Structures are given as structure tokens and as C-alpha cells.
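Assembly of the complex is requested from the two constituent chains, each provided in isolation within its own frame, with the hints serving as guidance.
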Amino acid sequence: MAGTSQISREALLDRLSVQSAAVQESLRKLPKTPTLKDLAGQFAAGFRPLFPGAGVDIAHRLSGAPTWEFIVKSGAPDAERRFSFGETEASHGSHETPGCLAFVHPLSDGSRVGLALLMNAPAGGYTEFDLASFRLFLHLYDQAYQEMLSRKNEKGLVFSMNHRILQLNSLIDTGIEVASLDFGDSPHKLALVRAASLANASRGIVRLTSGGEVRETHTFPEGAAVTVSANRITSSFSFSGDTYAFELFDKESRSGPGPFEETDQLLLDALARQVHAAIENRHLHQQALQNELLEQEMNVAAAIQKKIIPVSLPKIAGYDIAGVNIPSKSIGGDYYDCIPLRDGRYALVVADVTGKGIPAALLVSSLHAYLSAYLEGEQLLADLVSRLNKVLFRASTPDKFVTAFIALLDPATGELECVNAGHNPSYVLATDRTIRELRFGGLPLASFDLDIPYTSEQARLAKGERLFLYTDGVTEAENERHKLYEEEVSITEFLAKHATGTGEEFIARLIADVRRFTGSAPQSDDITALYLHRLP
Amino acid sequence: MEQSFSLTSELRQNRLVIVTSGYINNIGGEAIAKEFDKHFANNVKEIVINLEQSKVVNSIGMSFLLEIIEQLHDVQGKVVFTNMDPAVEKMLTIMGLFEFAGKAANVDDAMRSFS
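Taken in order, these protein sequences are the chains called A and B.
Each residue of the first sequence is one higher than the one before, starting from 52 at the first, in the working numbering.
Each residue of the second sequence is one higher than the one before, starting from 602 at the first, in the working numbering.
Please keep in mind that the hints were generated in silico from the structure rather than gathered at the bench.
Careful, some of the hints might be misleading.
[Unchecked claim] Here chain A is said to cover these stretches of chain B; the calculated rule only asks that three of the stretch's residues, wherever they fall, bring their Cβ under 8 Å from a Cβ of chain A: (1) 636–650; (2) 663–673; (3) 694–702.
Remember, it's a predicted structure, so these values are computed and weren't measured experimentally.
Backbone N, C-alpha and C fix where the C-beta goes; we use that ideal spot for every residue, glycine too.
Same shape as in the complex, but just chain B (with noise of 0.2 Å):
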């Protein structure tokens, strides 16, 4: 069953790895968006979250991931989601965050799909 949310991050070429463990619902959307925050105001514009240990997300959660993506698309950067549980992809898919967004296997083949 899933955790209570943590995250951790790292700056890997000037793009940020965001790695969530948990419920991605409201406590965990503000968690993404103010480490998102934080790096966008040092013109960090490439992000990649690594969902592997998240399971399940809400519709609160979702809606800081798109607001991530909409700030990311109007400066011309972009999010690039991996390790996604099917039923998570199938979350995000259907609430229109892949409009914008990118998808990867893992860490390794977002960081290929910037360059």
C-alpha cells in the first residue's frame, strides 16, 4: 500500500532529477512544485520525475504536475516523467499531462531525450 510522500533531487547537467517516493496528493504536489520552484528561479528548464516509487497520485497532485509543465512549456522547457507504474501512466495520460509533457523508461533515456 502506499507511503506517506518524500522526495529527493539532484542537479545532473544543469537539469533537475526529482525522484518522489508516495501518495503524490496535495502535500505531495506542493512538495514537487516548491522543489520545482526553487530551481526555476535559477533558470534550471529541463526537469525529470522519476515516479518509480509513487503508485498512486490524485487529481490534487496532477494539478501542481501541470501546473510544472505550463510554466516549463511557456519558457520553452519540459518535463520528462520515468518509471511509470502502468495505472499511473494511464492516470497522467488520460488527465492530459503528456500533452506537453515527456515520458521516458528511466532517468537515463530523459536525460538522452533533452540533448
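Looking at chain A on its own, in the form it has when it is part of the complex (with noise of 0.2 Å):
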């Protein structure tokens, strides 16, 4: 090893002063240069001119790698042994050899710089002097490394900094896409794609499954094969039965892929959550325009059904007739009507049809067509109501079906000929205010065509005397605590009570009872009641 030099800073800097005009450029690019082997080329240029025809070799090791590497070669040969003395981290210094004297020094990043002088040794060896030279030029080689890892480091800083504005932007980008309602494409395939680029993944994969069954599969390259690495990271949703999973592998760098950072699962949670959103805002979406198509046909249903409805009932000689129809819904199952007849007779009909809404209006509508048409005809009531059955049985559904109560009355003697098909009874208040039931018939229409006759009562009503037709809807309106009002009143009771007044009074009062009964509880089912008074 060559001894450790006393001279001064300023005697070296003297001499070098008078150094050639290269050298000095050299020194001077020194510090700007971008890259390692830029440095050393600037280096090696700057000093050749100080020992012409000497060869030059320039070597770097990085702290733990394995051997050095040459960034400058001179050429000749035995490259490789001409650092062994450095082996050791900690080992530095210089070395002679015949025609090499050879230096290894310390850098500020843990890492060593070789530098070999490959000329024979001048008369008298180098001095302290020389020696001195080189340590102050490997110290300005050094100071030029900093540098350069600096601005590379600064350099480093920028574009994470920039690519982490790209991941944020990304995402919002992404957010929107998604969202975007008439997007074509699958939303978890964007996504896949926008988290494996912005994560720098190698690949990526999202698997749509439902019940255990995959639906769809997606990779990122598009027809990538999709090996299973240690290096990945997943996220997954569920929404509707359906799971979304995404899966990144391979995190890539320069120097080979590794695992993923903590933001890239955090990159990737986002996104996932983006989808989510968005497939679940395209659902609701969806109903909402579905609801807004059904309530469309409900007010199309609702603006039939009220023409079927009588606005205002016929005024028959001699009778006070009243009717009311309040549905829960838009569209009810209830139905009533009072319709003249060629003879002179009159049909009162209440029914009610089990549900709301489209079904139930189709069924009412139906019911009301073919008991129009059939009432044209000359027949026992008993014969047009099983007629009646066997047409509703063909036009409804197994789970609907209707009770219905029918009379005929001969207004001019107060005859009625009546069937009650499965409905609750209707009331004949005499004058002296006992009650009659009417309950006789048979099965409810459209249950069965089981060619079961229906059997007709004949009751009168005589001058003074009401009758009182009505569906569930009165009797088993609910009141918040789901208690029924036939719990508490007593219908036939009600109906006693209120014997006197007009059809409309009477209506008006049976309302407001259940009103007041019901409170502010939602109306659980359609109301519908007839009443019809022979005047003394």
C-alpha cells in the first residue's frame, strides 16, 4: 500500500492549476454528468491528459454486490484481479503492481470506485505527491457521484410524485367512467384494467362468479396467462348473488418484478369500491325506471277501472240507493254496481277480487263485461252466476278468484232473487230493526269449474226496508294496533243503529266510523259498500 499524503490543498490546486485546458473542462462537466458512465468517461477524460499513454480502468461496486463492475476499460488484460486487494467493504487504499498502480475508494453511498493507472511507474516511483493527486481526484470523482445521485433521487422524487397525481386522477377518471350509465362496457373490466397499469402490475385477472359458478373471466394483458404468483393482491365484492374478484400480480420495476406496495392495495380497494357503487347504482336505476313503467300501467289500469266503477248510480222509482268504492291502492279488487235490465229489474252486485293492482283490475274488468253481457239475456241468476263461474275460472289465474253477492230486484214489489258467491252476507234491516241475512249460493267465482250448481234465495223488501251490501274491506279495516274494526263494531249493530236518514247519510256515516276507527293506520284493503232503501 502506497503512504497516506501530508501535502496541502493549496499546492495541489497549484498544480493542477496549470494543467491542460481538457482536463479542466473535464473537471468542470464533471458534476453535471446524468449518468455513472457518463461520470467515469468524464472522469477517465479528464485524467488521461496527466499521464499520456497511460491506460485507464474504472470500476464500480455496489455495497454487497458480488464483483466489480467496469464502466471504463482500458483493454488490457487481467481486468478482473486488478481490485483484489479491495475485496473487503471495508478494504480501500491503492495497490502497485508492475505497470498498475491501482486505487479503490470509498463513495458516500456505501459503494466503491476502482480506479487503475496502467503505465509503468516513473523513475523513482510516485510520490507522495502523485499519490496525493490521485486521492484528490478520486474525492472530486466522489463529490460528482453525489451529485448525480442527488439529481437522480430528485429525479426519482418528480415522477413518483407525478405518477401518484396519475393514480389520484386515475381514479376519479375511473370513478366517473364507471358511473356513467350508458357506459357499454363491463365496469369490473375497466377497472381491472386502470388498477394493473396505475399498480404497474404484470397481470391481472377479475372473475365474476355466481352460486360457485364462474361467469365471466377478464385478464389484463387480454389473453394473458393468468400464473398464480406469490406477489399479488386481491379485492372482491358481492352485490345481488354476484362476487366481483380482482387479482394483480407481479408488481413490475427495472429490475424485475416484487411485491406490491400497501397504496396499490389501497389503489386497487378503490377501484373496486368504484365498481361496486356503480353496479349497484345501475341497479337501483333500473327498478326505479321499472317502478316508473309499473306505476305508468297502474294509472292506465287505475283510469279503466275507474270508468267500470259508477260515477253516480241509477235512480230507481220508489228506492234511495248510495254506493261507495275506496281502493287501498291505485287499483283495487273491489267492484259494485247497480245495472238496469230490459225487464224493468235492477242488478245489484258488490265483489271483490283477491289482490290489488293489474291482476285484480283485469279480473274486475273481466267480471264486469261478462255479467253486462250475460244480464242481456233471459235466465235464472243461479244459471248466469255459474256461467259467470266457468268464464272467470278460464280468464284468472290459479291464485285469484272472486266472491261476489248478486240480486235481482223487481223494484215495483221489492223481490229480490240473490246468490252469494262465497261472499260475506248481506243484511235486509226490516223496519222494526231486526236484521236479515242474505248468504245463500255457492263457492266463490273462478275457484273451481266443478260444475257445482249455485243456488239463488229469493228475499223481499218490503216498504220501509234496507238492504245492505258490503265487502271486508268495511269489517276488517285495521287500526294501528292491527286490531280489526268488526272487533270493536258490530255491523249489523252499526247498521241498526243508523236506520234513519238517507243512503248517503248512511254511507257517510259508516266511512267516518271506520276513519275514526282506523286513525292514522294505512288503509289495509278496499272499501266498497251499497245500500239501498225502499222509501214507505
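Following this line, the structure appears as C-alpha cells:
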């Protein structure tokens, strides 16, 4: 090993100041070199004029690296053995062999630079001054190296910061894109592409499974083999029985694939959440559209049904008649009417179809149409109801049936021909306030087609007597405590108690009493009633 | 969805035109850099990179593109990117690639921008 120099920095600078312009130029450029290759090249260019004819080797060894990496090579043999004296990380200094003076110098980041000057030593050997010159040059090399590293770090930080901005920007853009309802492609496919590229994944996959069965698979890049790797991140969510599972593999870097960072997982989770929200919103939007369509259909059906329910009842000489129909939904399943017949009689009808909405409205419409048509002909009421049962049975679904009370009134005599098809009883209120029930007939309409005959019941409404027909929406009206109206009020007692006044007044009292009972509870069923008073 | 990477290149009036296809990641970026190095060594200093078939670029791919831009800038050369998808153009803008690189609608426009 050569000895250490005691020469002053000023003396060395005086000596260097007289060197060639090429040396000065190289030293000026040295701190601005962008790469290690440029740095070593510039250094060699500044060094060579000081030793004309000498070969120069410059090698670099990172901390922990097994071998020297030669950056400037003289081409002379045995280059690899030139710095063997500096194998350990702590070893540095100089070593002189015939035709070669080699230095190993520690650099500020823990790496080392090796410099070899390939020439015979001057006569009398290298002086302390020569060795000090070499070491000073190596210090200049280290300073330039530090500046190069600092610039590289600065560029790396700017790049990294820009990448973070890019990630945030893409996250916002992706959120907007996947939320777009006219977005034609699958949102999970777009999210996979964005997640893979923003997290620098080598490849990725998203699987859509339903009930354990894979319905869709998308890979990125398209067609890439999805080899499983320990370097992976995953994120998944489930919605409406579908599970979306994202996987990214092998984070890329310039030095090869490696594990993902925590921020990559956050990014993937954020993108998966955006897809989740978009799918959920799309589902809700579709539901809203369907509801809107259904509401439009309901409005049409309600308009049709309003035409079926009479706006006003016919005036019957010697009688006072009143009716009411209050549907619990926009389309109810109750029906009532008073239809004048060609023979001077009147058909009084109250019916209740199971269910509500469009299916119930269709059955009410059928009941109204067939009943009106059949009443045109002359036949016994029981036969008419049998025919009605058959056609309604064919026109309805198995879960639908109709209870009905139909009475044919001869206004001149007060004679009533009645059929009760599974409906709650109708009542005749006598002038002495006694009540007769009308309950005979048969099964509800449209429930069976078994040719079981309907029977009719004859009754007579004497002067001053009243007939009351209603649906169970009256007696089974519920209050907030889910109690039924009939549990508190007997409809027959109510009928007897209010056996004065007009039909309109009776109906108004009844509805008011039901409302009193139900309070703020929503109306649980359609309310329909028909009241006929044979005037004294 | 983005395919795996491939590229083609040609020399037009001593300018290198590279046409990429697929994901510009580590593999894609390296392939572009290799193609560039080959011609840069022959003193080709004006480059056009047509990105029409590359809709996705990751940051590793962008680091290769940045190096090409820097190398050309050091020798008063220039790179012009063309046919970019708006998302790719936005990415390259955010990453600062257009500080020293140009952009053009297509290769012909890029060629004219050199003269």
C-alpha cells in the first residue's frame, strides 16, 4: 500500500491549475454528468492528459455486490484482478504492481470506485505528491457521484409524485366512467385495466361468479396467461348474488417483478369500491325505471277501472240508493254496481277480487264485462252465476278468485233474487230493526270449475226496509294496533243504530266511523258498500 | 382489452418511426428503448412513436420513454408521440413527458414538425 499524503490542498490546486485546458473542461463537466457511465467517462477524459500514454480502468462496486462492474476499460488483460486487494467492503487504499497503480476509494452511498492507472511507475516511483493527486481526483469523483445521485433522487421523487397525481386523477376519472349509466363495457373490466396499469402489475384478472359458477373472466393484458404468483393483491365484493374478484400479480420494476406496496392494495380496493357503487347504482336506476313503467301501467289500469266503477247510481223510483268504493291502492280489487235490466229490474252487485293491482283489475274488468253481457239475456240468476264462474275461471290465474253478492231487484214488488258466491252476508234491515242475512249461493267465482250448481235465495224488501251490501274492507279495516273494525263494531248493530236518514248519509256515517277506528293507520283493504232503502 | 406488446419500426428520411401495439410496461418500454438505442447509435436523433394501438402505459413503461426523451434532449434531438388515445395523452402529460417531447395527431404531422 502506498503511504498517505501530507501535501496541502492549496499546493495541489496550484499544480492542477497548470494542467491542460482539456483537464479543466472535464472537471467542470464532471458534476453535471447524468449517468454513472458519463461520470466515469468524463473522469477518465480529465485524468488521461495528466498521464499521457497510460491506460485507465474505472470500475464500480455497489455495497453487497459480488463483483466489480467495469465502466471504463483500457482493454488490458487481468482487469478483474486489478482491485482484488479491495475485496472487502472496508478495504480501500492503493496498490502498486508492475505497470499498474490501482486505487479503491469509498463513495458516499457505501459503494466503491476502483481506478487503475496502467503505466510503469516513473523513475524513482510515485511520489507522495502523485498519490495525493490521485486521491484528490477520487474525492472529486465522489463529489460528482453524490451530485449525480442527488439529481437522480430528485428526478425519482418528481416522477413518483407525478405518478401519485396520475393515480389520483385516474381514480377520479375511473369513478366517473364506471358511474356513467350509458357506459357500454363492463365496469369491472375497465377497473381491472386501470388497477393493473396504475399499480404497475404485470398481469391481472377479474372473475364474476354467481352461485359458485364463474360467469365471466377478463384478463389483463388480454389473453395473458394467468399464472399464480406469491406477489399478488386481491380485492372483491358481492352484490345481488354476484361476486366480483380482482387479482393483480407481480409488481413491475426496472429490476424485475416484486411484491406490491400497501398503496397498491388501497388503490385496488378503491377501484373495486367504485365498481361496486356503479353496479349498485345501475341496479337501483333500473329498478326506478321499472317502477316508473309499472306506475304508468297502474295509472292506465286505474283509469280503466274508474270507468267500471259507477260515477253515479241509477235512480230507482220508490228507492234511495247509495254506494261507495275507496280503493286502498291506486287499483283496487273491489267492484260494485247497480245495472238496470231490460225487464225493469235492477242487478245489484258487490264483488271482491283477491289481491290488488293490475291482475285484480283485469279480473274486475272481466267480471264487469261478462256480467253486463249475461244480464242482457233472460235466465235464472243461479245459471247466470254458474256461467260467470266458468268464464272467470278460464280468464284467471289459479291464485285469483272473486267473492260476489248479486241480487236482482224487482222495484215494483221489492222481490229480490240473490246469489251469494262466497261473499260475506248481505243484510236486510226491517223497519222493526231486526236483520235478515242473505248468505246462500255457492263457492267464490273463478276458484273451481266443478259444475257445482249455485243456488239462489229469494227475499223481499218491504217498504221502509233497507238492504246493505259490503266487502270485508269495511269489517276488516285495521287500526295501528292491527285490530279489526268488526272486533270493536258489529256491522249489524251499526246498521240498526243508523236506520234513519238517506243512503248517502248512512254511507257517510259508516266511512266516518271506519276512519275514526283506523286513525292514522294506512287503509289495509278496499272499502266498498251499497245501500238500498225502499222508501215507505 | 389491451394485448401483449409488439412493435414495428422504419426509417423515414433518417427519422425513426416506431409503431407500438399493446401494453407499454417494463417489457414494452424495454423493447422501445432497445429499438431506439440501435438507431441512436447510428446518429438518428429524431423519433416518432405512434401509440395508436397502445391504450395503456404504466409508469415503468413511461420511465423508458422519459429516458429516450432525455437522451434526445441532451443531443438536441426530439421525440414526437402521435395517434394517442386521450387517456394515454393525459397520462403522459401528467407525468411530464411533453416538457421536452412533442405530440402530433399522426405520423405525417409529426414528420412535418421536424422540418
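Hints versus structure:
1. Given as covered by chain A, the region 636–650 of chain B fails the check, having 0 residues with a CB less than 8 Å from a CB of that chain where 3 are the minimum.
2. Proximity of the region 663–673 of chain B to chain A, defined as three or more residues with a beta carbon under 8 Å from a beta carbon of that chain, is established by the 3 residues found.
3. Given as covered by chain A, the region 694–702 of chain B passes the check, having 3 residues with a CB less than 8 Å from a CB of that chain where 3 are the minimum.
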